[in-house]
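In order, the protein sequence lines correspond to chains A and B.
Just so it is clear: in the first sequence, position 166 is 639 by the numbering used here, and no numbers are missing.
Just so it is clear: in the second sequence, position 125 is 158 by the numbering used here, and no numbers are missing.
Don't take each hint at face value.
What the hints assert, rightly or not - Below, a list of computed lysine-lysine pairs in the BS3-like style, where the Cα atoms sit at most 30 Å apart:
#1 A:LYS550 to A:LYS697
#2 A:LYS542 to A:LYS728
#3 A:LYS697 to A:LYS507
#4 B:LYS214 to A:LYS728
#5 A:LYS714 to A:LYS704
#6 A:LYS542 to A:LYS714
#7 B:LYS214 to A:LYS616
#8 A:LYS550 to A:LYS704
#9 A:LYS632 to A:LYS608
#10 A:LYS728 to A:LYS608
#11 A:LYS603 to A:LYS616
#12 B:LYS214 to A:LYS531
#13 A:LYS608 to B:LYS214
#14 B:LYS173 to A:LYS725
#15 A:LYS728 to A:LYS550
#16 A:LYS728 to A:LYS714
#17 B:LYS214 to A:LYS603
#18 B:LYS188 to A:LYS531
Hints listed in this document are in silico derivations from the structure and should not be mistaken for laboratory results.
So you can see what is in the structure, the chains are spelled out below.
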Amino acid sequence: MTYPLTRRTGLALAFALVAGTVLPAHADTLADVKAAGVLKVGIFEDFPPFASLNAAMKIEGYDTEVADKLATALGVKVELVGITGQNRIPFLTEGKVDLLLSIGYSDERAQVVDYTDAYAPYYIAVMGPKDIDVKDAAGLSGKSIAVNRGTLEDTEVTKVAPADADIQRFSDYSGVISAFLSGQVQLMVVGNDVGATILAQNPAIEPVEKFLLLTSPSQMAVKKGEAPLQKAINDALIAMKASGELNDLAVKWLKQPLVAGF
Amino acid sequence: MTLSLADIIPFLLLAARWTLLLSAIAFIGGASGALLLLLWRYGAPRTGRRATAIYIQLLQGTPLLLQLFLVFFGLPLLGVEVSPLAAASIALTLYASAFLAEIWRGCVDAIPLGQWDASASLGMNFVTQMRYIILPQSLKIAIPPTVGFLVQLLKSTALASIVGFNELTRSGQIVANATFKPFLIYALVALIYFAMCYPLTLGSRALERRMRITR
Numbered sequence: 474m475t476y477p478l479t480r481r482t483g484l485a486l487a488f489a490l491v492a493g494t495v496l497p498a499h500a501d502t503l504a505d506v507k508a509a510g511v512l513k514v515g516i517f518e519d520f521p522p523f524a525s526l527n528a529a530m531k532i533e534g535y536d537t538e539v540a541d542k543l544a545t546a547l548g549v550k551v552e553l554v555g556i557t558g559q560n561r562i563p564f565l566t567e568g569k570v571d572l573l574l575s576i577g578y579s580d581e582r583a584q585v586v587d588y589t590d591a592y593a594p595y596y597i598a599v600m601g602p603k604d605i606d607v608k609d610a611a612g613l614s615g616k617s618i619a620v621n622r623g624t625l626e627d628t629e630v631t632k633v634a635p636a637d638a639d640i641q642r643f644s645d646y647s648g649v650i651s652a653f654l655s656g657q658v659q660l661m662v663v664g665n666d667v668g669a670t671i672l673a674q675n676p677a678i679e680p681v682e683k684f685l686l687l688t689s690p691s692q693m694a695v696k697k698g699e700a701p702l703q704k705a706i707n708d709a710l711i712a713m714k715a716s717g718e719l720n721d722l723a724v725k726w727l728k729q730p731l732v733a734g735f
Numbered sequence: 034m035t036l037s038l039a040d041i042i043p044f045l046l047l048a049a050r051w052t053l054l055l056s057a058i059a060f061i062g063g064a065s066g067a068l069l070l071l072l073w074r075y076g077a078p079r080t081g082r083r084a085t086a087i088y089i090q091l092l093q094g095t096p097l098l099l100q101l102f103l104v105f106f107g108l109p110l111l112g113v114e115v116s117p118l119a120a121a122s123i124a125l126t127l128y129a130s131a132f133l134a135e136i137w138r139g140c141v142d143a144i145p146l147g148q149w150d151a152s153a154s155l156g157m158n159f160v161t162q163m164r165y166i167i168l169p170q171s172l173k174i175a176i177p178p179t180v181g182f183l184v185q186l187l188k189s190t191a192l193a194s195i196v197g198f199n200e201l202t203r204s205g206q207i208v209a210n211a212t213f214k215p216f217l218i219y220a221l222v223a224l225i226y227f228a229m230c231y232p233l234t235l236g237s238r239a240l241e242r243r244m245r246i247t248r
């Protein structure tokens, strides 16, 4: 016996798909979070000093502590969800996480997610060993550069690099840093804080900052249209900035106090 | 802060548990699915031949990575919530069932038609023919390619990290970026994969040897 796809079943299927995509948008994530008692926060797990494995084999860093404090402010528990540059936007839009940390602003992203206030300084720099002479974007000509696919680093370096620069895209920060440390690529594009953390581990190839590509404070993102959650997070951030808690975390993890404007 | 090998190795071994679990689910689920497809194909050739061929072509012709994405992000669109483990299990099961069905089809086709005719002439029905004549003979041919695929499947579980599943490879990446010693960490990860795959190959050889004796 066969079941041909008639026009009626086709329509029903289409309707189910449309209903499925449209209905959850009306749900209030803040209410859902409070009801469940859990805030699901998406963080990179291989992104020192924002989050990486500590000596106790737990994921720890600036982002994990900020997430803890936010959840406390909302009166719920935190659940950390590991994400990568490629999958994090779908994770947010499909409700696998309620909130993304460590996300820089771009117009393209702003069309699919809503941003909160900035919560961390983030400078994106081109780094390389001492003996390679690169001073600006034009100097990238003919060089191989590692970058994390789908991040602001990727968009920015793709925009400014000359056509003959060999940009190699990796699926996570681990890939970028491994490629650089093993000598597969000459340069890498990472946050300068990431570079400082690598230096502290005394690697064979010591990364030096070549030039600053972009200053883009890290923000958080919620699903498009989730105004109540966005406001609740912003209120919590304002309180954390006012009480000096956020500054303490910045000194602890980023080794520098927050600059004015935060 | 430094991570010692005494911390790293247990961490990786714990992650390897997930790789093993995922492989076991995918193999058991995939083998059951493949057996059903096989019975459908030969038991009801009129519908089965076409339908199983389409199923196999679809799953063999699309990347496993996309199948994982479709299950993990597609099912919630239809209102079904799936955890990373469930999504990875479903996708790997579908993938394995298609490949095993195709591998086993070759093994069944390798049995001479005379065996079918002879068993039918003895009055055996389809299920009895399969159970006592065709499958036992196909089994011998099927072991090497099946184990080969199983080894491949075990390594494919690394792709499950894309849906947020921290199996062995992903855990290795996380450790590599905490220690900044990629060569050491990835060598360890490779060793653990080898330690899981090599016994499968050994077992397969032993099984083949035993079956040859009973011939």
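Now for the hints, and whether the structure bears them out:
no. : hint                 : in the structure
1   : A:LYS550 to A:LYS697 : holds, 23 Å
2   : A:LYS542 to A:LYS728 : holds, 19 Å
3   : A:LYS697 to A:LYS507 : holds, 19 Å
4   : B:LYS214 to A:LYS728 : holds, 23 Å
5   : A:LYS714 to A:LYS704 : holds, 15 Å
6   : A:LYS542 to A:LYS714 : holds, 12 Å
7   : B:LYS214 to A:LYS616 : holds, 24 Å
8   : A:LYS550 to A:LYS704 : holds, 18 Å
9   : A:LYS632 to A:LYS608 : holds, 17 Å
10  : A:LYS728 to A:LYS608 : holds, 25 Å
11  : A:LYS603 to A:LYS616 : holds, 14 Å
12  : B:LYS214 to A:LYS531 : holds, 18 Å
13  : A:LYS608 to B:LYS214 : holds, 28 Å
14  : B:LYS173 to A:LYS725 : violated, 63 Å
15  : A:LYS728 to A:LYS550 : holds, 27 Å
16  : A:LYS728 to A:LYS714 : holds, 17 Å
17  : B:LYS214 to A:LYS603 : holds, 20 Å
18  : B:LYS188 to A:LYS531 : holds, 25 Å
Violated hint for the displayed structure: number 14, the only one.
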